[in-house]
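Peer 1: Fit chain B to the known structure of chain A by using the hints.
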Amino acid sequence: MEEIAEQVDRRLDLLEQVEPQPGRGSILDRLFSTGLTRRDFMRWSSMMTAALMLPPIFEPRVARAATLSTRLPVVWINLADCDGNTESLLRTADPDFATVILDTISLEYNETVMAAAGEAAEAHLDEILEKERGNYVAMFEGALPTGLGGAYLTIGSKGETGLALARRVASGAKAVMAVGTCATFGGIPAAAPNPTGAKGVGEALGIPVINISGCPANATNIVGTLLDVVMFGRMPALDQYSRPLWAYGRRIHDNCERRGHFDAGEYVLQWGDAGAEQGWCLFKMGCKGPYTFNNCSLIRWNQGTSWPIRAGHGCIGCSEPDFWDSMAPYEQPLGEKVYGSALGIGIDAKANTVGEWALGAAAAGIAVHAAATAVRNRLTPAWNEAGSEPAGQEPSVSPKERE
Amino acid sequence: MATLKRVTIDPVTRIEGHLRIEVDLDADNVVREAYSSSTLFRGIELVLKNRDPRDAGLLAQRICGVCTYSHLERATEAVEAALGIQVPPNARILRNLLHAATFMHDHVVHFYHLHAMDWFDPVAALQASPAKAAAEALHYADTPYNTSEATYRAVQARIKQVVDSGQLGPFANGFWGHPAYRLTPEQNLILLSHYLDALNVQRIIAQAQAVFGGKNPHPQTVVVGGVASVMDMEDPSRVGEFLYKMKSAGQFVSQAYLPDLRLLGQAYKEEAAAGIGNGVPNFMDYGGFPLEDLPWPQARELFVKGVILNRDLSRVHPLDPAKITEDVTHAWYQGPEKGLPPFDEETLPHYTGLEPDGQLQRSGKYSWIKAPRYDGKPMEGGPLARLLIATAAGDEAFIRLKQQFERDTGWEPSYWFSTVGRTVARGLETALLAEAVPGWVNELVENVSRGQTETYRPYELKDGEGFALGAAPRGALGHWVKIKDGKIAGYQAVVPSTWNASPRDHLGQLGPYEAALIHTRLAKPDQPLEVLRTIHSFDPCIACAVHVIDAEGQELAQFEVRG
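Here the protein sequences line up with chains A and B, keeping their order.
By this note's numbering, the letter at position 399 of the first sequence is numbered 399, and the numbering carries on one by one without gaps.
Throughout, this note's numbering is defined as the position within the second sequence, counted from one, plus 403.
Heads up, a few of these hints could be off.
Claimed, not checked - Just some of the chain B residues that point at chain A, by a computed CB distance under 7 Å:
hint	residue
1	Lys535
2	Phe574
3	Ser817
4	Thr858
5	Tyr859
6	Gly889
The set of hints was computed from the structure by calculation and includes no laboratory data.
Quick caveat: nothing in here was measured; it's all calculated off a predicted structure.
We put the CB at the ideal spot given by N, CA and C, even for glycine.
Bound-form chain A, shown alone (with noise of 0.2 Å):
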């Protein structure tokens, strides 16, 4: 712990030595300049710091990271999506979108937020592919349709495909991230039939990228993962999947406010019912916690104010890949499935019938994740001494891995 607290500091002493661009201040003058006092900012990094699953130790060294960086130039690209990743990020509190893209990363092409329409639009992402080669994160949001040659999907006067555009902007792309669970899996234009022959990001351009899956992505996920890049300057710890590990390392499960009431054999039975004015496991409504990875129960959304469980409704699962097809019907356990399915069948109804069964990643039959907690895995990154050179960058397997 204490050596890697020591490799930071000698990572931002050597930041620190580097001249800011002249007429730049850092992110924390212009922070401050808004209004914010040194107390806002000391709360902010405390929080980013436990969110990136870090230990307190850190806390000085997140907050002195913030003063030296400068803008980092993003570009967002929609695919076959619904927005609902871009509507999820414009809810982000800490920090709010404003100081997201005023202060701490430029959006330089985003469809729904820009300015700019039509041959502006075009001619300002032209600009910065180029400008900004090797420096830019990549963010796709929506699944790639690779059918009738990718023309499902068209962008632009020319009529480029979604492929040959996502493939230019990736190219030359610092980092690309697959936002929600249609860039990072297909999600559900992938779902059977699949009518367009989508996949995800990574998947469709044969590439590595970093998944922040979600249907959509929490906004903390999305800014979280991004200030990991602002700040750390490399990739976060991945899980199988590519998932940042300080978001998708723990089960839904494992931390779920209802936890006490499956060990305790009690269930919501009906939608309504009095278990359900209680706040009983709703694992027979068929809650797909157990299954997922995610921190949905540990910051919830929209700023911790409620989350799908809290509200009384079973997670369906949608951090995973493939979750459509193999996670539904959502309002029954999958061990009442009368057909089989990739998560196996059998060990559900086991659990059903006996209240106190205490479900395990192993014995739920799913992919298993390399490490059971975020925590040992950020103790053994590829952590590059220099600083300068960006580590951990190959997901430790990779799409077509997976399969």
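Peer 2: Showing chain B alone in chain A's frame:
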């Protein structure tokens, strides 16, 4: 008119989804031809087939990430109609509250973040005097939202830093300084300031929805038979949290949104008077926000359903769902020459491509969006349609808001048939919903205090057919479902942006976007600001408009129309 100048806008930004607009200009830079095309196909209705009907809402909701709740509710209602379920009063009220949050969120985000930069110039705001701007704000509101010299100074400083940094981010390459911008530097600063405020307000409305909805986007609490969030409904702190957040959003609507519309209504009065952006003369809405526990369409509703033809406001025609057809003459699907009712259609994707230079094949098929028609006519849907229908039908609440705006700004009744009118109508609707929410919360609290905590009606899954029609933020939204052997045998959504973004039909009738652009004069053809203004005034949401019914061409039974 030998040679027309062609202007292509792709991507149309600050919308949801993938939209392309092509217009041809004459020698005076007036739009003579307009084509609206969507360039993405996903096929979500195909995905819905063979699924559990109880999951229809969760799947159909992913049609759109903006008005997610509208699709969740409509899909669930369609299944309920097929199964003959009437949800209990608390479920109706909770759904209305969740939907009101969707509308208010959508309209605030649309106006400030997707549309306002068509009217105000953030770069010009840097030239404003903060003191004069603070005084100016008092012209439009007695107690303007977050207005002071210091606030405006801070906003200017913040934007100036972005400009000075050379990294303009989302403001890069806007049409700043364009002659079609009519606001003073101070007025620009007022709107810029509220643009930033609204980023916070939209988050608060999303939080309110998450109280009962679990999350936003894509809330997850509505189930066939009712609503799952019974625990939150019975928790006074949660109900209070919802009400407080919605009221604070309502405060923003009355102290920022409406005043800003008064500002625009005056500054752009000439455009409204000239009818710039008026489109097809027909308007339609399905009604919404049921106030009674009766099946559609018997229940009294906050929004009035009906049809207006040829801008004749003396008569509101009753809505007849049997008159809805979809035409694929110019859409990338196979089908017969003229339009057919949705469930008679044989729909097959049939992509014929673009011209070699990437332009649309205008005489052939040119969009993934179909052309819905009502009684053979194109219809405009959305807040303007709802305002016109409700006021023509004599609805007092809508009439009061409309007349108040006319008094405040000196508008004539004819001004509403315009791009500005469409934009103002959306704000009035937001105010109406903000007023309605506290009453609904009271109704809910009274029920719970009397011990009526029912949120769900049990049911048996059985074969059946059903549909649900109702208002969504952008217009008229309908979902149709057929259930067989416990599975979805057929699914269809005819959605707001299909109506508005429709291409031509077999008679050559233009869709509402296309019709609204004709006769618009562009000050600078290489910066088609006026085109964006009109397109954005419809609040385009193209992901929802792109759908297919049944690639196998399986015919579904026609539904009996109730009422």
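Peer 1: With 7 Å as the cut and Cβ atoms as the points, is Phe574(B) at the interface with chain A?
Peer 2: holds (5 Å)
Peer 1: Once the shortest beta carbon distance from Gly889(B) to chain A is found, is it less than 7 Å?
Peer 2: This interface hint is violated because 10 Å lies over the 7 Å limit.
Peer 1: Quick check on the hint: Ser817(B) CB to chain A CB, less than 7 Å?
Peer 2: Result: violated, 30 Å to nearest chain A Cβ.
Peer 1: Return the status of the interface hint for Lys535(B): holds when the least beta-carbon distance to chain A is below 7 Å, violated otherwise.
Peer 2: violated (22 Å)
Peer 1: Taking the least C-beta to C-beta distance, is Thr858(B) closer than 7 Å to chain A?
Peer 2: holds (4 Å)
Peer 1: Given Tyr859(B) as an interface hint, is the shortest Cβ-Cβ distance to chain A below 7 Å?
Peer 2: Since the shortest Cβ distance to chain A is 4 Å, the answer is holds.
Checked against the numbered hints given earlier, the structure breaks hints 1, 3, 6 and satisfies all the rest.
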